[in-house]
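K.L.:
Residue strings, one per chain:
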Amino acid sequence: MTEQLPIIIILGPLLGAVLAAFTGWFRPRLSHPLVVLGLAISFAAALKLVFIVADAGAQKYWLGGWGEKVVPGQKEPFVVGIQITVDYLNTLLLVAVSGIALLTSVYTRRLVDTELAGRQRYFYALFSLLVTGLLGITITGDIFNLYVFMEIAALSSYALIAYGRGRAYMAAFNYLIMGTMGACLYLLGVGFVFAKTGTLNIDNVSAIIPALLNSGQSQALFVGFVLILLGAWAKMAFFPFHGWLPNAYAHAPTAGAAILAPLATKVAVYTMLRIMVTVYSIEYIIHSPGIQSLALYLSSLAIVIASFFSLTQTNLKKLASYFVLSEIGYMVGGAWLANKPGLTGAMVHVVADAAMTSALFMAIGCIVYRLGQAQLDDLKGVFFKMPVTMAAFVVTMAALIGVPPTCGFFSKWYLIQGAAQAGVWHFVAALLLSSLVKAIILFRIIEIGYNRVPHPAIEGNPAIPRNEAPLSMLIPTVAMALGLIALGLGTSTLVNTIIAKALPAALAP
Amino acid sequence: METIHSFTPVWIILTSSVAALLVALLGRWPNVRESCIFAAAAIKLGLLLSLAPAVLDGKLYEFEVMELLPNVGLAFRVDALGLMFALVSVSLWIPTTIFSMGFLRPLKRHAQTRFFFFFAIAISSAVGVAFSANLLTLFIFYEALSLSTYPLVTHHQDDDAIKGGRKYLTYLLGTSIALALPAMIIVYQQTGNLDFTNGGVFADGTSTTLLVVLLVMFLFGFAKAGLMPFHAWLPGAMVAPAPVSALLHAVAVVKVGVFSIIRVLTGIFGVDLLANTPSLSTIVCVLAAITLIVASLIALTQDNIKSRLAYSTIGQLSYIILGVGLATKSGIAGAALHIPMHAFGKITLFLCAGAIYQACGAKCISEIHGLGRKLPLTMTAFFIGSLCVIGLPPTGGFVSKWYLLNGSLDSAQQWAFAVFLTSSLLNAAYFLPIVYKAFFATPTDPARLDKTKEPPPLTVVPLFITSAGCVLLFFFSGKLFQFANTFAEMYTPQ
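So the protein sequences, as listed, match chains L and X.
Terminal number for the first sequence in numbering that gives the first Met the number 0: 508, no gaps in between.
Terminal number for the second sequence in numbering that gives the first Met the number 0: 493, no gaps in between.
Careful: at least some of the hints might be erroneous.
[As the list claims (entries may be wrong)] Restricting the straight-line Cα-Cα distance to at most 27 Å, the calculated cross-link-like pairs of lysine-lysine (DSS-like) are:
{"no.": "1", "chain 1": "X", "residue 1": "Lys373", "chain 2": "X", "residue 2": "Lys450"}
{"no.": "2", "chain 1": "X", "residue 1": "Lys162", "chain 2": "L", "residue 2": "Lys384"}
{"no.": "3", "chain 1": "L", "residue 1": "Lys59", "chain 2": "L", "residue 2": "Lys500"}
{"no.": "4", "chain 1": "L", "residue 1": "Lys379", "chain 2": "X", "residue 2": "Lys166"}
{"no.": "5", "chain 1": "X", "residue 1": "Lys436", "chain 2": "L", "residue 2": "Lys379"}
{"no.": "6", "chain 1": "L", "residue 1": "Lys384", "chain 2": "L", "residue 2": "Lys317"}
{"no.": "7", "chain 1": "X", "residue 1": "Lys373", "chain 2": "X", "residue 2": "Lys452"}
{"no.": "8", "chain 1": "X", "residue 1": "Lys436", "chain 2": "X", "residue 2": "Lys373"}
{"no.": "9", "chain 1": "L", "residue 1": "Lys59", "chain 2": "L", "residue 2": "Lys339"}
In short, the hints are calculated from the structure, not lab data.
Remember, predicted model here, so these are calculated numbers, not experimental data.
The shape of chain L in the complex, shown without the other chains (with noise of 0.2 Å):
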């Protein structure tokens, strides 16, 4: 049974996908509930495989018992079909990707109700082919296989975000431009890879490849490596490449954003370190300095540019759809400092801010359920209508602040000591900027959420009722606002049995 464990993760989302879609004809009750089940399926597999991997290294998969075949004169035996593959660099992403959708799937139900009333089935199909979508990218151990799913998740966003009010359309089509644009260009650099090595499979192709580059035929896999790291790129909003993002988080379902905002773009960048590190060798990065000091130099760019834009926001959901572009500069520039810290904490950041993103626009749904919108002058008084809401929200905005002991803080540790040690300085700056930003943020929620009003417990003051969210919003929002303090403290553990053995070898310590 556990050997069928990696496909389970897959299939539970499709499936529930699948189901919901199709009894939504004649049982629209019964939508929610089979996307739930899958999704909660997923993460036990997902969860189980953590173990197994951190025991016994890498499980591999493979799909209709395609496996390997031994090649005369090939070292490494040749996998015919496609791989799929839980090793240390993907196993943690898969439990965040599902367990934040199981979560998120939990809480989207009421928001649904009443934001997309009428149309729930088609929403939780769409969300659950999402999911499937990406943990498909996560998993898949085959860069064609990686595209294909790379496309489920776009086309499933697309059409998310246009479920949206207002300007939705405008904001998807954007996305839709720029997003299929990334994937054209990651498609085309897979190109040519395959064109140089023969294969598509990620074993293979990291065993081939440095016999070509050392034999001088390195002309036409660099061009390919540039295409995919403009398509990963592209498909993040990493900067220049940013500017549909905001929009379509801000404009898309309040319920749409809560899940793309924290996977999406996590795993765009999770496809990025799985071409750095396992495709191509790290050793090719640092030799390619010329990259390696342009995306240092965008990463900080971007965290300045983002910090910026976020303290001019005058909405909440716009503000955060900043925050989620200054944290992609955060784990790209950690990745292409290309040393131990760096890529631990950009490893690290990917799974920790996946957690953060979520809870914070958990949060920010809660806030617009009851507020129905999102202006930041509209929270006056939030602190005491959504006392326990904006408890989960200072929580937070530590995390993204890096206050210790959130997660945030130790990722942020690692991408500095990696920066430090690197000596990129203005990376360093620009990621104290980025924290210092998110830090004036907070406390201006707070002035105005609560220091704003008269204190309602003073005597002649208005008093201020209560107007919690409803609690199949509250407790998963509360959940994940405390899964990012338990995150933090053991980042250490994770650390030390998963991610430290996903780095490759050859690294300085």
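Got chain L; can you put chain X on it based on the hints?
P.N.:
Below, chain X alone, put in the same frame as chain L:
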């Protein structure tokens, strides 16, 4: 050094957090709520005293809760300095709570439960800083203290409070994130070690430039110590209610800043390194000396009582930093001793300022002419408190300043002797006129004076306790000196 593995330090930190939870739950019954605080403070004090004999013997209590980063954990270690600081904070928590009850209840202040809740959390954080075994643990509690005191600073929730709170966070969070955090990470990246180690963590031959940069980042990064030019948050924080200014902005918060700097200088850099690298020692001494003199001069110009006290605090904190910067045994002992001595003196002054405000609504020195005749108890306490801060016998402040002066003569920075003396004269110049005016000047506003009478016992009793403390510390300074000396001996080369 002998170490004792014990969970007690964690219990000590947790008692006030538990008290905070009980305060939050029992907010509806004020008397029950406040009894929880007294119970917690008493338990805490008892536990602290139970550690004292072994610590004075040169032993250390240690406990590591969990690992956070390779080689760095959430870990506690109780040494003489930490124990002394914790004892001071917790023992002053009791009179301050009595005072808070007397101060907040008659004025029918809102959100008293919130006030006592965050107060207890702040005490937990301060003791957490005192017991930290490494820089990371210290940083965690340092930040917790900044965040938990913000609601206390903005307690009044009016425009002034919001402005003061904004300044408070900008300075404290800003410097700690932008300076102390990267400095700490660079130390970790260079040495792989953040434990406070006798002799410092740096390997021989670390470049002096790097050390200087790190030193400056730490000195300014722990802005709670109020080194100029990062001092402006403290006068801004005076918008807080009087008990907050008294315990937090004369004792817990500001002393945590100085304490962090002492830990960095003795445990990360090491006294050896300071003494043998003239540039390091000089930087510390010069920055502290400038703050010392300038803050005292500014204090002379302040008419608002609390802001004069705030600038006085800024100056007195630099005594401690200067004392450690001297890198001599008596300098360090004097600096350590100045923590409790100044704490008792300054808390008395702040409580008096609160009592004066409560009695007649006066906030400025120009308003209190002749008040001494109406408030003899309060103003006598004020007089004793100012003697202690100036450093005159028979108060504790004399003892610590004595050792500081000794330390400056032993060191390479003998000019510090003149700085200490000049500053003490300035201290006298800004405190004694207040006392003089209160007792002997002609009243400016006789109508107000007629309505004034001595505030209720809940307000006056704490004044009596702390001012008696100032005097007792002079006669029984030996016990405290043992703490300071144990610490100084542990960290200075024999």
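K.L.:
Hint numbers the structure violates, sorted upward?
P.N.:
The structure conflicts with hint 5 only, although it agrees with all the remaining ones.
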